[in-house]
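K.L.:
Sequence:
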Amino acid sequence: MSTLIFDSLNEAQSLAVKAPLGHQLILAGAGSGKTRVLTYRIAWLVHAEKVSPANILAVTFTNKAASEMRHRIESLLGTSAKAMWIGTFHNLCHRILRNHWREAGLSEHFQILDSDDQYRLLRRLILSLNIDEDKFPPKEAQWFINAQKDQGLESSQVPSHGNTIQQKWIMIYAAYEEACQRAGLVDFADLLMKVNKLWKTHSNILAHYQDRFRFLLVDEFQDTNAQQYDWVRQIAGSQGYITIVGDDDQSIYGWRGAQVENLERFRRDFPQVSLIRLEQNYRSSGTILKAANALIANNQSRFGKNLWTTQGEGEKITVYAAFNEFDEAHFIANRIREHQARDVCLSNMAILYRSNAQSRVLEETLIHYGIAYRIYGGLRFFERSEIKDTLAYLRLIANPEDDAAMERIINVPTRGIGDSTQALLREHAKQHQLPLWQAAEQMLAQKLVPSRTASGLTHFLETIQTLRTDIHNLSLHESVQHVVYNSGLIEHYRKEKGEKGISRIENLEELINAAKEFENEMEASDVGQLMSPSPLSAFLSYSALEAGESQAGLSQDSVQLMTLHSAKGLEFNTVFLAGCEEGLFPHYLSQENPEKLEEERRLCYVGITRAMQKLYMSYAEARQLYGKNTHNRPSRFLKEIPGEYLDGIRIKTKVSLPESAVSKSDQKTAAGLRVGQQVTHRQFGEGVILQQEGQGDRARLQIRFARVGIKWLIASYVDQG
DNA sequence: TTTGAACGTTTTTTT
DNA sequence: AACGTTCAAA
14 MSTLIFDSLN EAQSLAVKAP LGHQLILAGA GSGKTRVLTY RIAWLVHAEK VSPANILAVT
74 FTNKAASEMR HRIESLLGTS AKAMWIGTFH NLCHRILRNH WREAGLSEHF QILDSDDQYR
134 LLRRLILSLN IDEDKFPPKE AQWFINAQKD QGLESSQVPS HGNTIQQKWI MIYAAYEEAC
194 QRAGLVDFAD LLMKVNKLWK THSNILAHYQ DRFRFLLVDE FQDTNAQQYD WVRQIAGSQG
254 YITIVGDDDQ SIYGWRGAQV ENLERFRRDF PQVSLIRLEQ NYRSSGTILK AANALIANNQ
314 SRFGKNLWTT QGEGEKITVY AAFNEFDEAH FIANRIREHQ ARDVCLSNMA ILYRSNAQSR
374 VLEETLIHYG IAYRIYGGLR FFERSEIKDT LAYLRLIANP EDDAAMERII NVPTRGIGDS
434 TQALLREHAK QHQLPLWQAA EQMLAQKLVP SRTASGLTHF LETIQTLRTD IHNLSLHESV
494 QHVVYNSGLI EHYRKEKGEK GISRIENLEE LINAAKEFEN EMEASDVGQL MSPSPLSAFL
554 SYSALEAGES QAGLSQDSVQ LMTLHSAKGL EFNTVFLAGC EEGLFPHYLS QENPEKLEEE
614 RRLCYVGITR AMQKLYMSYA EARQLYGKNT HNRPSRFLKE IPGEYLDGIR IKTKVSLPES
674 AVSKSDQKTA AGLRVGQQVT HRQFGEGVIL QQEGQGDRAR LQIRFARVGI KWLIASYVDQ
734 G
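Residue numbers for the first sequence follow my numbering, beginning at 14 and rising by one.
Incorrect hints may have been included.
[Stated by the list, open to error] Pairs of lysine-lysine, DSBU-like flavour, derived with a Cα cap of 30 Å:
| hint | residue 1 | residue 2 |
| --- | --- | --- |
| 1 | Lys77 | Lys63 |
| 2 | Lys443 | Lys460 |
| 3 | Lys510 | Lys460 |
| 4 | Lys529 | Lys95 |
None of these hints come from the bench; they were simulated from the model.
Build out the structure end to end from the sequences listed, making use of the hints.
P.N.:
Structure follows, in structure tokens:
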């Protein structure tokens, strides 16, 4: 490796990369090359400071970012970086817990509970505790428990303040804790909490990690929570060198316990932190950057920084006032075609939105236009119910004490084990302090179940046992395949009518493939997650930790659709920021609370700064939201951007013609009416056509009337205005 | 116990 | 609109 590569850095970057050993806080604005700085810093440590890669630990926000970083480092160094630990907090903690399960008080076969599993478990517990489900909804219990865990509090440590409601929550938490412990289950927050506790109770283990990882680098520090902060502080000890990178303006995970204050706290807790600001932006045009700066300046609580660029002004930001979400989608699709014609490849364009629900109309329109797209988020692969059912079979096979898994599949497919039988089982299990599995065996042996259900239950137990012996000598993917085909799940889904059943079966096939790929990767990376007691166990953990970044068809050139949250860290030539309306963005649940509103603004900042050359922002005057027609004002964020950076339709304009609708001749009806046109109606008065269904005289038109709102009418009853 | 239909409710972001 | 829950009938 030549030192020449380090010459390509700017002054601030170079300062950060070549800094003498010590603690560093790098405040890195959007597009300032922070990933570059991190990877180069690591390369510098290895190359110039002669640090062994085995002594380096890097924490990233997503699994994807981790593997990207590994690649970059390897290509910089020209060697494998296997000895280096790079991963998310959750991933690294998982690895540590697999190494020290005994000391952490876990079962060797512990499995990870994802948030859906957690919800189901809580719901069941609340029911069995005879607590009113309406007063203590599982969702809130989940929220409560996760919030406590993020603070590092076990159920016994949560103060009740003599508050009876709080006591109930604590009671639920305690029951949940016990259930997890008994079944060998660990949730996301546990991964961190258990490692923190492990380190506090076993100083030798902590010392081992402190000794090994003298060089710590943490990305996206503004999105760390209290537990993660504690984790970093512990492993650093008094010997470690920490580099943290963050941007307070891009803190968008406050709602799940992230604390921006951690940036400030770091500076207080660690002496002699050198602070470096990266303020030169290499990504966006001057206009886009200035717009972003102007927007974020409306936030009160920030470190304060100003991004600048040497790039030219570039094009203005196009704001489009759509009539409704369909018009918005058409507009976007047309623009995508234009850019495509100008040689911007599809994968360099992204449509960003606030909530996943917005994706449907966009998807449908893109399909209509024949534009390839790839969608992130929504239901991820490993979260689909058919996949989770299969995984539950595998989990129960691997660990008969996994009650959550057993609950899930005991009657899937239906085998006559209904609610009452299940209640009976639970009761027996509770009284004898047994896992459900053993409770079932006992009850059958003691003939405590009616004969008809007994046969169903026996059949279930036998199925699982047979599967267990069957797959004993099979490889991972063969095991998965065997379970898919012999558990009865395939037949079960085949019976399901419509396309749903078909796609489920396809997904199950895909699961077998995923197992195969996982196998290959394990072999290639020799160590990897091999700490797990078995390949199956490793695969199960993987499925919970990485819910499915890997999706079909990712090699094809396609437009990227995702929420603003998942766009963090990415960049695109052209960005469409859709749904810039009050109530949608900022979301109405955040409108009242100033802090939440600032987070929404940061989210908008993140969205804007994803764009390199061209940004479109659009809003719809009318939109179907939650099954109702809504009329929302343009987002306040649009108004916070100075008009000089904006182009196109003025924001306050009441009516403007959607060009996409006009240009399409097939939108015309026999009466010569078209979308966007002003019309009058004898009874309802003046209005604007929003949408059309059908052709000719029998066409139905959706019209927004000034006086009476939106109505669907037959074309022949409308006069052109 | 299972099934289907009617009913009512609920809408953010995710490692 | 989409989902989950509840209720009644088989």
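K.L.:
A separate judgement is required for each hint: does it hold in the structure or not?
P.N.:
How the hints compare with the structure:
no. : hint            : result
1   : Lys77 / Lys63   : 28 Å, holds
2   : Lys443 / Lys460 : 18 Å, holds
3   : Lys510 / Lys460 : 38 Å, violated
4   : Lys529 / Lys95  : 22 Å, holds
This entry does not satisfy hint 3, going by the numbered hints stated previously; all others are met.
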